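J.: Chains B and S supply the protein sequences, listed in that same order.
Heads up, the first sequence stops at 485 in my numbering, and the numbers go up one at a time, no gaps.
Heads up, the second sequence stops at 1222 in my numbering, and the numbers go up one at a time, no gaps.
These are computed hints drawn from the structure, not numbers from a lab.
Note that the structure is a prediction, hence the values are computed from the model and not measured.
The beta carbon of each residue, even a glycine, is placed where N, CA and C say it ideally should be.
It is possible that some hints are incorrect.
Here are the computed lysine to any residue pairs in the SDA-like style, where the Cα-Cα straight-line distance is at most 20 Å [what the hints assert, rightly or not]:
| hint | chain 1 | residue 1 | chain 2 | residue 2 |
| --- | --- | --- | --- | --- |
| 1 | B | LYS183 | B | GLY52 |
| 2 | B | LYS183 | S | LEU1140 |
| 3 | B | LYS407 | B | ALA425 |
| 4 | B | LYS183 | S | ALA1122 |
| 5 | B | LYS183 | S | SER1130 |
Restraint-style ranges between C-beta atoms, simulated for each label pair [as the list claims (entries may be wrong)]:
| hint | chain 1 | residue 1 | chain 2 | residue 2 | range |
| --- | --- | --- | --- | --- | --- |
| 6 | B | GLU59 | S | HIS1059 | 57 to 63 Å |
| 7 | S | LEU1096 | B | ALA43 | 37 to 43 Å |
| 8 | S | LEU1179 | B | HIS51 | 28 to 34 Å |
| 9 | S | LEU1123 | B | HIS51 | 52 to 58 Å |
| 10 | B | TYR147 | S | LEU1006 | 26 to 32 Å |
| 11 | S | PHE1201 | B | LEU20 | 57 to 63 Å |
| 12 | B | LEU451 | S | LEU1183 | 39 to 45 Å |
| 13 | S | LEU1108 | B | TRP297 | 52 to 58 Å |
| 14 | S | VAL1180 | B | ARG476 | 32 to 38 Å |
| 15 | S | ILE1147 | B | PHE294 | 43 to 49 Å |
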Amino acid sequence: MEFLLLLGTPVAGALVLGWLGARRFAPELNALFSLVTFAAACALTARVVAHGKVLVAHEQFFIDPFNVFLVTLTAFVGLTTALFSRPYMRVEMTHGRLSPGRLRLYHAMYQLFTFTMLLALTTNNIGLLWVAMEGATLSTVLLVTLYRTPASLEAGWKYFILCGVGIAQALFGTILIYFAAEKVVGGEGVTALLWTHLDAVKTLLEPRVMSIAFVFLLVGYGTKVGLAPLHNWLPDAHAEGPTPISAVLSGLLLNVALYAVMRCKVLVEGSLGTQLPSNMLMGFGLVSVVLASFFLWRQRDIKRLFAYSSVEHMGIITFAFGMGGPVANFAALLHMTVHSLTKSAIFFTVGHAAQKAGSQLMDQIRGLITLSPTIGWGLMLGSLAIIGMPPFGVFAAEFLILTTAMKQQPWATPILLLALGVAFAAVFGRVQPMVFGETTAKRLPHPPALLPVFVHLAIVLMLGLYVPPYLADWYRQAAIMIGGH
Amino acid sequence: MVHIPLLLQLVNACAAGLLLLSFAMLSQRRVVTLVYLLATQGALLCLATFLLAWRTNQHHLYISAALTLSLKVLFLPWLLHRLIRRLGVYWDTEPLLNSSVTMLLGLLIVVFAFGLAQPIAALSSTAARSTIGIAIAVILLAFMMMITRRKAMSQVIGFLSMENGLFFGAMSATYGMPLVVELGVALDVLVAMLVLGVFFFQIREQFDSLDLHHLESLKEKP
Chain B
1 MEFLLLLGTP VAGALVLGWL GARRFAPELN ALFSLVTFAA ACALTARVVA
51 HGKVLVAHEQ FFIDPFNVFL VTLTAFVGLT TALFSRPYMR VEMTHGRLSP
101 GRLRLYHAMY QLFTFTMLLA LTTNNIGLLW VAMEGATLST VLLVTLYRTP
151 ASLEAGWKYF ILCGVGIAQA LFGTILIYFA AEKVVGGEGV TALLWTHLDA
201 VKTLLEPRVM SIAFVFLLVG YGTKVGLAPL HNWLPDAHAE GPTPISAVLS
251 GLLLNVALYA VMRCKVLVEG SLGTQLPSNM LMGFGLVSVV LASFFLWRQR
301 DIKRLFAYSS VEHMGIITFA FGMGGPVANF AALLHMTVHS LTKSAIFFTV
351 GHAAQKAGSQ LMDQIRGLIT LSPTIGWGLM LGSLAIIGMP PFGVFAAEFL
401 ILTTAMKQQP WATPILLLAL GVAFAAVFGR VQPMVFGETT AKRLPHPPAL
451 LPVFVHLAIV LMLGLYVPPY LADWYRQAAI MIGGH
Chain S
1001 MVHIPLLLQL VNACAAGLLL LSFAMLSQRR VVTLVYLLAT QGALLCLATF
1051 LLAWRTNQHH LYISAALTLS LKVLFLPWLL HRLIRRLGVY WDTEPLLNSS
1101 VTMLLGLLIV VFAFGLAQPI AALSSTAARS TIGIAIAVIL LAFMMMITRR
1151 KAMSQVIGFL SMENGLFFGA MSATYGMPLV VELGVALDVL VAMLVLGVFF
1201 FQIREQFDSL DLHHLESLKE KP
């Protein structure tokens, strides 16, 4: 029942919003559909808290400790982003950057995008997981090009082709897993793609095929995670699309793609019994962290800056998953949660800051705090959180990752510390003059909704000081399931 | 001399045809011809699927063959053809590599693909396992085509050719994926092409051309 509501609401939302078009109340309706989705996710979470794992519809869908918090997080950020986009898109309309027809496209695709992510998270079938990941790309391509500027078209084309090719590699990897599984599971082949079945027999899967499959899967889904050197689409898509889309791309889609990688990694590692998948994850993660932190210095556009910061953080998380073991996995899961919340909060403030300054160039955004203290403080606190200042949750996660790295992979610790230091200086150095100093900002025609920003940051702060017991319990169980080391 | 049944020989012939068509696409500059080559590739894929379905009595392969026929032989080539006429893109410019270098690289790719396929084929028990190498070669050749071409339309055709290779690979290794997944994949390809159609018109409206060198301004400036 909860499943039906969870997956059905966004589909219904897409149809209704596409059909109704750009009515005056469409943004509110969009938020309402997201609210119902979030309520369904909460109900599902409550059921998991009470009864443990859930398998429904002939085992086609499932919830376990690994995806339950991601489902809730996705629905939650989906809701807050819908709330944020309400005034944001109205301002864009008043500024003449959008027509009513495009707003209709935006709302319908926003709901569809939520649906594909929730489908990817809850499906037990790794074939459907692929279909949903591709669907997530397709539903956002036209959103990246929403403004139809030359730069946005270029970003959209890059996004489409790079992610399309990447995801085709992942399909080949999925075919190979199916091939290996069919030998073991047998039957009519339908169960041979169900993750729970594969997990039960993972030690019997043919290692050579699985290792080839993992290379394709990591490259394929890794493109969507934004791992260097496959990250080229990411900063462009974030910078040129509308800000609510940047927030959900960074905050949610990257997580979902990494989730897909990790599901596959569990199977492959079980089959191989070697360190190969872990080492590959560590390698990709470390390259992403280092590359992104140095690219941060070169950025002039505020949204590109935070897009590269996402590459950096996904790199850290991937590295932590690569180290494996209960502690590193726990930290990686915590980092996924807090990064998602912090980064979307930052994009909310960045969106309004860019609207106020009339530009996304950082040189032209000055003195936010004088005209609107909430935006200024939101951006400042969000940036402090993302660069890993205590007592925010990102600090706790990074601290755990670094201490584990010292024990398990001491060679990597100085590299990580250097990259984190470079990123710290780059982000802080840019944000400080934007928040303080002489102001250039204008008033907005619609009052911005900044409550989501502070709700997100409050949760991040809480997770830095105290992780609720059931959440910690899920993290721990998921960490053991992911295994490694 | 190992005796191979006639039907399987035909499947092998189809596989050889697929590979040949991939090479033909690699050097073809006329966009309309590329679409014809793609449609022929789809037709051969459909025929191979049908023959395998007949030989092995795997009923879901018939559905897969019908899907390939309607989508990859009829609808998508028709859609692309229409787009080409509406947008007036008939010729691709000179590719990034000249054609003899491309062909040589293509040959190397085929050798590599057969090497990669060896462990997979050794494990497979399907009737068409010898063609897995060809499927991988088709995928990689299409990949190369996407890298070396400059026009958006040629890149898209490369993308679809890659999809053909993937389907052929799934078929020769495991008699295709389960039907739910195959339908999902087909739906995604269809939606992708429709999105692309919209997208082409947007690009064209903005730049008056589908040449991708207009789309090269977003780079990290040194």
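J.: Indicate, hint by hint, whether the structure satisfies it.
T.: The hints, checked one at a time:
Simply put, B/LYS183 and B/GLY52 have alpha-carbon atoms about 31 Å apart, too far for the 20 Å limit, and the pair is violated. For the proposed pair B/LYS183 and S/LEU1140, the alpha carbon gap of about 26 Å is over 20 Å, so the pair is violated. At most 20 Å may separate the alpha-carbon atoms for a hinted pair to count; B/LYS407 and B/ALA425 exceed this at roughly 26 Å. Our distance criterion of 20 Å between C-alpha atoms is met by B/LYS183 and S/ALA1122, whose separation comes to about 13 Å.
About 18 Å separates the Cα atoms of B/LYS183 and S/SER1130, which keeps this hinted pair within 20 Å; it holds. Between B/GLU59 and S/HIS1059, the C-beta spacing of about 23 Å breaks the proposed range 57 to 63 Å. For S/LEU1096 and B/ALA43, the hinted distance range of 37 to 43 Å is not satisfied, since their beta carbons lie about 54 Å from each other. Separated by about 32 Å at the C-beta atoms, S/LEU1179 and B/HIS51 satisfy the suggested range of 28 to 34 Å.
The supplied range of 52 to 58 Å is broken by S/LEU1123 and B/HIS51, whose beta-carbon atoms lie about 40 Å from each other. At roughly 59 Å, the beta carbons of B/TYR147 and S/LEU1006 sit outside the given window of 26 to 32 Å. A C-beta distance of roughly 25 Å is found between S/PHE1201 and B/LEU20, which places it outside the suggested range of 57 to 63 Å. Between B/LEU451 and S/LEU1183 the CB atoms are about 42 Å apart, so this pair conforms to the stated range of 39 to 45 Å.
About 39 Å separates the C-beta atoms of S/LEU1108 and B/TRP297, a value inconsistent with the hinted range of 52 to 58 Å. Judged by the Cβ atoms, the range 32 to 38 Å given for S/VAL1180 and B/ARG476 holds: they are separated by roughly 33 Å. Taking the beta carbon of each, S/ILE1147 and B/PHE294 are about 26 Å apart, not inside 43 to 49 Å as hinted.
Of the hints listed earlier, those the structure fails to meet are numbers 1, 2, 3, 6, 7, 9, 10, 11, 13 and 15, in rising order.
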